[in-house]
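Trainee: One-letter residues, chain by chain:
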Amino acid sequence: MDYQQLIKETALDNERMIVMTAENRALVRELPALLGKRFIDTGITEQTMIGMAAGLALRGRIPICHALTTFLIMRAFEFIRTDVGIPALPVKLSGFIPGFLSDANGPTHQALEDVALMRGIPNMEVYCPAGQEDMVGMLPDIWSSESPAYVRIVTRNTGYDHAPFEKGKAEIIAFGDDINILVYGFLFSEAMKTKEILEGKGLSVGLINMRSLKPVDENIITQLAASGSLMITMEDHFICGGLYTIVAEVLLKNQLTATVLPFAMKDKWFRPALLDAVLEYEGFTGRQMADKILMTYSNKIKNAQYHTI
Amino acid sequence: MPKLLQTEYLEVIAQKVRHHIIDMSTNGGCFIGASLSCADIMVYLYCEFLNISKKTLDDDNRDFLLLSKGHDVPAMYATFAEMGWIEPSRLKNHLLTNDHIYWHPNRNIPGVEFHSGSLGHVPAVGLGVAMDCAIKGKSNKVIVITGDGELNEGSVWETLLVASAYKMNNFTLVVDRNAFQANMATEDLIPLEPLIDKFVAFGCAVRRIDGHDFSAMHETFNGLPFSEEKPNVIICDTIRGKGLPSIERRADRWFVNFNMNEIIGLHAELDGGNIATIDSEILTVR
Chain X
1 MDYQQLIKET ALDNERMIVM TAENRALVRE LPALLGKRFI DTGITEQTMI GMAAGLALRG
61 RIPICHALTT FLIMRAFEFI RTDVGIPALP VKLSGFIPGF LSDANGPTHQ ALEDVALMRG
121 IPNMEVYCPA GQEDMVGMLP DIWSSESPAY VRIVTRNTGY DHAPFEKGKA EIIAFGDDIN
181 ILVYGFLFSE AMKTKEILEG KGLSVGLINM RSLKPVDENI ITQLAASGSL MITMEDHFIC
241 GGLYTIVAEV LLKNQLTATV LPFAMKDKWF RPALLDAVLE YEGFTGRQMA DKILMTYSNK
301 IKNAQYHTI
Chain V
1 MPKLLQTEYL EVIAQKVRHH IIDMSTNGGC FIGASLSCAD IMVYLYCEFL NISKKTLDDD
61 NRDFLLLSKG HDVPAMYATF AEMGWIEPSR LKNHLLTNDH IYWHPNRNIP GVEFHSGSLG
121 HVPAVGLGVA MDCAIKGKSN KVIVITGDGE LNEGSVWETL LVASAYKMNN FTLVVDRNAF
181 QANMATEDLI PLEPLIDKFV AFGCAVRRID GHDFSAMHET FNGLPFSEEK PNVIICDTIR
241 GKGLPSIERR ADRWFVNFNM NEIIGLHAEL DGGNIATIDS EILTVR
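Going down the list, the protein sequences come from chains X and V. For the first sequence, position 278 matches number 278 in the numbering used here, and the numbering has no gaps at all. For the second sequence, position 240 matches number 240 in the numbering used here, and the numbering has no gaps at all.
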């Protein structure tokens, strides 16, 4: 099942659902004919779309709002924060082409602060599925709740058979004794490659799909920190405010520390190009990340040996 | 023809509302100028025009009024008090932590449809409510009151484009045209005139009336919708500070925090007594 099929079935089944878009119909092309007045395209007006969604939600509807992430959550940020966040209305935000997925569009279209902005809003939940199969498994729960939620839409398939979704819980692919990778979004597939390469070097490598970023699975983070393994965070997001920050917050809150190697955009936008080229240029391919992790892991071992002498 | 208008009754209520507003303009103060300019509109809509009562707040078929220019909230709460929606004694809780009566509207007060304070948001929220009514095939009216200064916000015009595209004739924007924004006259900062032409160009059916004339309001609001396929705009020309000559049409009477002597003087002034003496430094730029 793909996103459009899911939203079609969900909306047809439930009169409360309103499908909205600020003239971005890529994921909902078939819906106008099916939903009639419950499909609302407001044109290129992200602020008005969100304000209207709040008004509709006030009257008991559950609007699902579509737009390119960068415009959806930044152009309309204050509308989301004020009209959706303050009253905690069940408006569901579907952000298209987040992070690296905006590939060659350039920095105007690069949403690399979406997780930071959305999780900063009280009442707002934040979900970042690994791929389309994962997302389709998560959305029914997200859409049927009475909370506002932001979802990083990803339409690529991972080919992985994901475990059922539980809000506030990470999906544990594997635990590792030496290294544990925490990842969200479409980088999950690169993380799988990284894991395989590192395992080829004889290391025990874990992989955690952090698909529920707010609420976040604090237990998994504290558990991994306590294990003393090298922790890796992988995200196509600015280093500020995303998963690396979440890990830091959880560790500090629990008076824990850990060696954490972050993969994130460090205070710069990425070089616009087709996606594979972006990954290569910015050092986010499974192979590049494996090499870097290996280096950090060796240093960690050397340091540990040094300190035990 | 609309039913006979009880103008005298509305005038009595409006006068009481203005007394409440004066009472809220001390001990921390309030945005008195905008509250007084909007008082007659608020009283007319709630007490006469809108199909809303305390008992029908949960009814799908009732009308809706959303206050986008949040500074008018003393006029709104005072009207609620006069209608029996809230205990009049609650108005004494203005700016105290034991209640929710502060400088902007919020839904903790029964009758408030939506919070406001950030300008240019509530037209879109109101349009969403109107859209819900339209989807249900209902003919209830959704009215959003904006300020004229608020029209500086691009999102207001964005929302009118959408309302016009969707032919939302159950949606009405009421502009409290008191000709001031914060500490300036609108026409001295970002001129708005010719305002009718602007709304017409955005696809609205527009009327312009005296926002202190109950008969004019009665005739105009009862003419809604003005068209089969256009959103409605009613520009209400009003006087900032209306009812108190000592503060009428003054840029420096936007936000005020009067002392007790001034409050006593203003109550007397409102009832036709001498012009109150205002000694305190009341120009507050917020």
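None of these hints come from the bench; they were simulated from the model. Misleading hints may appear alongside valid ones.
Claimed, not checked - Among chain V residues calculated to face chain X with C-beta under 10 Å, some are:
1. Leu57
2. Asp60
3. His115
4. Gly126
5. Ala134
6. Gly154
7. Asp213
Unchecked claim - Calculated Cβ distances over 10 Å to all of chain X for the following chain V residues:
8. Glu8
9. Asp23
10. Thr56
11. Asn61
12. Glu113
13. Pro123
14. Ala124
15. Leu127
16. Gly128
17. Cys133
18. Ser139
19. Thr159
20. Leu224
21. Ile235
22. Ala251
What the hints assert, rightly or not - FRET-style restraints, in silico, Cβ to Cβ:
23. X:Pro122 to V:Ala201: 31 to 41 Å
24. V:Asp99 to X:Ser204: 32 to 42 Å
25. V:Glu229 to X:Gly106: 34 to 44 Å
Being a predicted model, the structure only gives us computed values, none of them experimental. Ideal Cβ placement from N, Cα and C applies to all residues, glycine included.
Trainee: Does each hint fit the structure? Answer for all of them.
Mentor: The hints, checked one at a time:
{"no.": "1", "hint": "Leu57", "in the structure": "violated, 13 Å"}
{"no.": "2", "hint": "Asp60", "in the structure": "holds, 8 Å"}
{"no.": "3", "hint": "His115", "in the structure": "holds, 6 Å"}
{"no.": "4", "hint": "Gly126", "in the structure": "holds, 6 Å"}
{"no.": "5", "hint": "Ala134", "in the structure": "holds, 7 Å"}
{"no.": "6", "hint": "Gly154", "in the structure": "holds, 8 Å"}
{"no.": "7", "hint": "Asp213", "in the structure": "violated, 30 Å"}
{"no.": "8", "hint": "Glu8", "in the structure": "holds, 36 Å"}
{"no.": "9", "hint": "Asp23", "in the structure": "holds, 28 Å"}
{"no.": "10", "hint": "Thr56", "in the structure": "holds, 15 Å"}
{"no.": "11", "hint": "Asn61", "in the structure": "holds, 12 Å"}
{"no.": "12", "hint": "Glu113", "in the structure": "violated, 7 Å"}
{"no.": "13", "hint": "Pro123", "in the structure": "violated, 7 Å"}
{"no.": "14", "hint": "Ala124", "in the structure": "violated, 2 Å"}
{"no.": "15", "hint": "Leu127", "in the structure": "violated, 5 Å"}
{"no.": "16", "hint": "Gly128", "in the structure": "violated, 2 Å"}
{"no.": "17", "hint": "Cys133", "in the structure": "violated, 8 Å"}
{"no.": "18", "hint": "Ser139", "in the structure": "holds, 15 Å"}
{"no.": "19", "hint": "Thr159", "in the structure": "violated, 5 Å"}
{"no.": "20", "hint": "Leu224", "in the structure": "holds, 19 Å"}
{"no.": "21", "hint": "Ile235", "in the structure": "holds, 21 Å"}
{"no.": "22", "hint": "Ala251", "in the structure": "holds, 27 Å"}
{"no.": "23", "hint": "X:Pro122 to V:Ala201: 31 to 41 Å", "in the structure": "holds, 40 Å"}
{"no.": "24", "hint": "V:Asp99 to X:Ser204: 32 to 42 Å", "in the structure": "violated, 60 Å"}
{"no.": "25", "hint": "V:Glu229 to X:Gly106: 34 to 44 Å", "in the structure": "holds, 40 Å"}
In this structure, the hints that do not hold are numbers 1, 7, 12, 13, 14, 15, 16, 17, 19 and 24, in rising order.
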